[in-house]
Amino acid sequence: MSADPQSAIGNRPSEILSAHALTKRFPGVVALSGVAFDLRAGEIHALCGENGAGKSTLIKLLAGIHPHGSYEGELRVEGRPVAFQSIRDAEAAGIAVITQEFALIDELSVAENIFLGRAPRRGWRVDWLEMHRRAAALLADFGLSIPPEVPVRTLGIGQKQLIEIVRAMDKHSRVLVLDEPTAALTGQEVVVLLDHLRRLRAQGTACIYISHKLDEVFALADRITVLRDGASIVTLDRASATVGAVIKHMVGREITDLFPKRWSALSPTRFQDERTPSSQRLEDKPLHLEPLLAVHALNVARAHGEPPFLRDLSFEVRPGEVLGFGGLMGAGRTELLMHLFGAWGRRTGGTVLVRGAAYDDASPRTSITRGLVLATEDRRRYGLVLPQSIGFNLSLSSLAQFTRPPARLDQPAEHRRNQQLFDALRIKAPDQDARAGGLSGGNQQKVVLGKALMTEPAVVMLDEPTRGIDVGAKLEVYELVNQLTRDGRAVILVSSELPELMGMSDRIIMLSHGRIGGEFTRGEFSPEKLLAAAMGRREAA
Amino acid sequence: MKARVSFQNLAMPLALIGIGAFFALQEPAFLGSRNLTQLIVEFSIIGTLALGMFMILLTGQIDLSVGSGVGLVGGIAAVLVFQQGWPAPAALLAAFAAAVILWTLMGTLVVRQRIPSFIITLGGLLIFKGLFWLVIQNSTIPVSRGDQDNLYSLLTTYYLPGSIGRALAVGIIAALGVLAWRSRAARRAHGLPVRPAGRESARWVALVVGVIGLVEVCNQFRGVPLTLLILAATAGAVYFLTRHTPFGRYLYAIGGNEEAAALSGIPVNRVLIGAYLLMGIAVALTGFMTTAYSGSSTTTVGDLMELDAIAACVIGGTALRGGRGSVGGVIFGALIMTALLNGMTLLAVSPEIKFIARGGVLTLAVWMDVKLRK
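Protein sequence lines, in the order shown, are assigned to chains A and B. Going by the working numbering, the first residue of the first sequence is number 259, and it counts up by one from there. Going by the working numbering, the first residue of the second sequence is number 2, and it counts up by one from there.
Calculated from the structure, these hints are not laboratory results. Everything numeric in this text was worked out from a predicted model, so none of it was measured. Heads up, the beta-carbon is just placed ideally off N, CA and C, and yes, glycines get one too. Treat the hints with care, as some may be off.
To be verified - Here are the in silico distance ranges between beta carbons for each label pair:
#: 1; chain 1: A; residue 1: Ala658; chain 2: B; residue 2: Arg183; range: 18 to 28 Å
#: 2; chain 1: A; residue 1: Glu564; chain 2: B; residue 2: Ile128; range: 29 to 39 Å
#: 3; chain 1: B; residue 1: Val350; chain 2: A; residue 2: Lys429; range: 51 to 61 Å
#: 4; chain 1: A; residue 1: Ala658; chain 2: B; residue 2: Ser327; range: 22 to 32 Å
#: 5; chain 1: B; residue 1: Ser327; chain 2: A; residue 2: Glu388; range: 51 to 61 Å
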């Protein structure tokens, strides 16, 4: 491949894939701004960055999911500019992307999956013998002892991952892109996968490796590129890099003044701590306020009979307090909120007290009557009835307030209450009869928040309340959170953005693999400490 | 979106006028008061069933078992009256209770076992058909003994005397007027927008002309059929339920986004079972009327009525995927379906062609539903 004279012009001959000044905009958000990146033949190049740094967007550009023309800048394969219109184009150029959601069909056999869409034929018939022979040979090449006839559904996640890689290699892919390949793997499976990747590297395959787990990155990668806020910050040689340096680059941003100064039930006391005698302090401590939500030694499994996914979680939230939850993708933050709300998982141990009363058989309906409400992360899927109006959605959880005996809805009263929230939240739409599905992300988020607020909750759980919304709308959400705490409500905030978490929370708990990785109060916040707790550094565990 | 809906609003009356004109040209008796009265009875039967189906479709579910159910419930009542000698009211009540229990059970199965309603009710279609034939022993069971009128047989043979029909029409218009006036005043008091006076008056002129005209047409034959009152009461009840109660909101919310509805604290399971329970009531009413209309319970009563009911809903703008539709649309859809079936019977169209026409209309309606989705 390096014999091509063109590739020598302006490029190192070994450069197989490169990105130049890539910029990708979504409505209201710049996902990538001027990213530069290059991949050499036979290297493993790790991409690191916080959630939302732009890694996934970059991959989607490389994979042809965001077609040429929807972004600015240039992609080159072996020095020549390429214009992928589809995944097919990217595959033809030798780029295979393996995402966290497998593209395998569970009911088909291993061989059928490997040769999906390009089964060997004899005339118009599938040549099953040939397919199984070739599949067996490929699997043997990889040192895998999986019979090619078994259905994929019988395999473990690690084996499925390897089948994906086998399939990609049989398509003669020269570039393998792996997005969080070890997120769901056990320790042994990780070792096997890393061995395979090293072997592929030795054979000349280039690999882009995305992982939150820095120990894996350092065990595997030749070079490391850090993305932050959609920009490529730095590319380091593994040999000369340190874990600390990478973390620093990942978080190294100024925490801006985006976060409004907030009143807090805790801050006056903390202020007093320094000068009031300790005898009075007990009286003044906000701890005399009963916690609105108290969780003790909580264990939750995904389903009956499975090992617990959330393990040994204990925490409390008091009136006027914002408790932040951070952690990496898959750490269990959303699951925790959904479980407390009564919409996820099976409790295998522990207690939950809401306003001092045990709360065991949770369901969304009882949660709302108990004063516990959740504004969901996935607005379009879980939050809104998109075809219906803004007003319909705002009052959906609170219709009991407007029901007159025997069962009549007092629609004028409902309409008036909707209008109050519509105005207070400054939802940008002609009126409350506009369809919720037609609103921008920020305004949809306001409707979701409005729906939660109308239930008059004591504890408000916000799951990524500012995801995908613009800065102006973010500020409004932050002000709303402050308003809630001023009213004596408790807020649980889940966020992937460390600055937001640090700016808004009184306390932060970092989750790591379903456990508490660390708990911090306001004075102790630092991005490095939080991130280290979130990664639950394998060596330490 | 808006333009499409208004096109649809216009399309339905136009289609109805077109169908009426076609049959009237082919056979002038189509618009005769005798046939129109008959058409109204048939319309009441399909309309009542369609209103029950409407609430099921709103949630995104479906019920294929209602046709056999109609036969079964009518058959149970007929057997109790004719063979067991029960008084008609008791027989009707017993059959009514059976329908409510069966549909509640079916709704519970759909909800608790998470089996798709398509499958459960397809099973219901066959099971009820078999039960029906068992109940009537594959024979013909009259709805009354020795040609004596009873409540059952009178369901479709009783007509309100002319003056009572008129009085009722005036009463209904007055009641609706008061309700509308009060809601208008309440909306004003809350500072909410109301319809412009001109359009509001036009609606009322249309309503008054429509109701009085309907009564006068019926009075030219034998008066307003009792079945029309049953349909009107059902339509009023379903309208109130869907527009003015939390239950109705929940139907739309579940059909629009079931997961979001559940996370909004809506008791999804209870609402779905409630919708099936109400479907059971509609099936019972329809079963009584249609069996009485044919004079006796025979093996073919209720055949394919589930498809007529679904077609009526979909023609009337109810989305098969749930979350969209209105009572007014369903009533219009039922009228169109009835006009088609009645007209074809009047023209003595062969059963083969009738099947094809029914299927064609259903397919066309679903195709339009899909187009509207986009």
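| message | Flag every earlier hint the structure violates by its number, smallest first. | response | none
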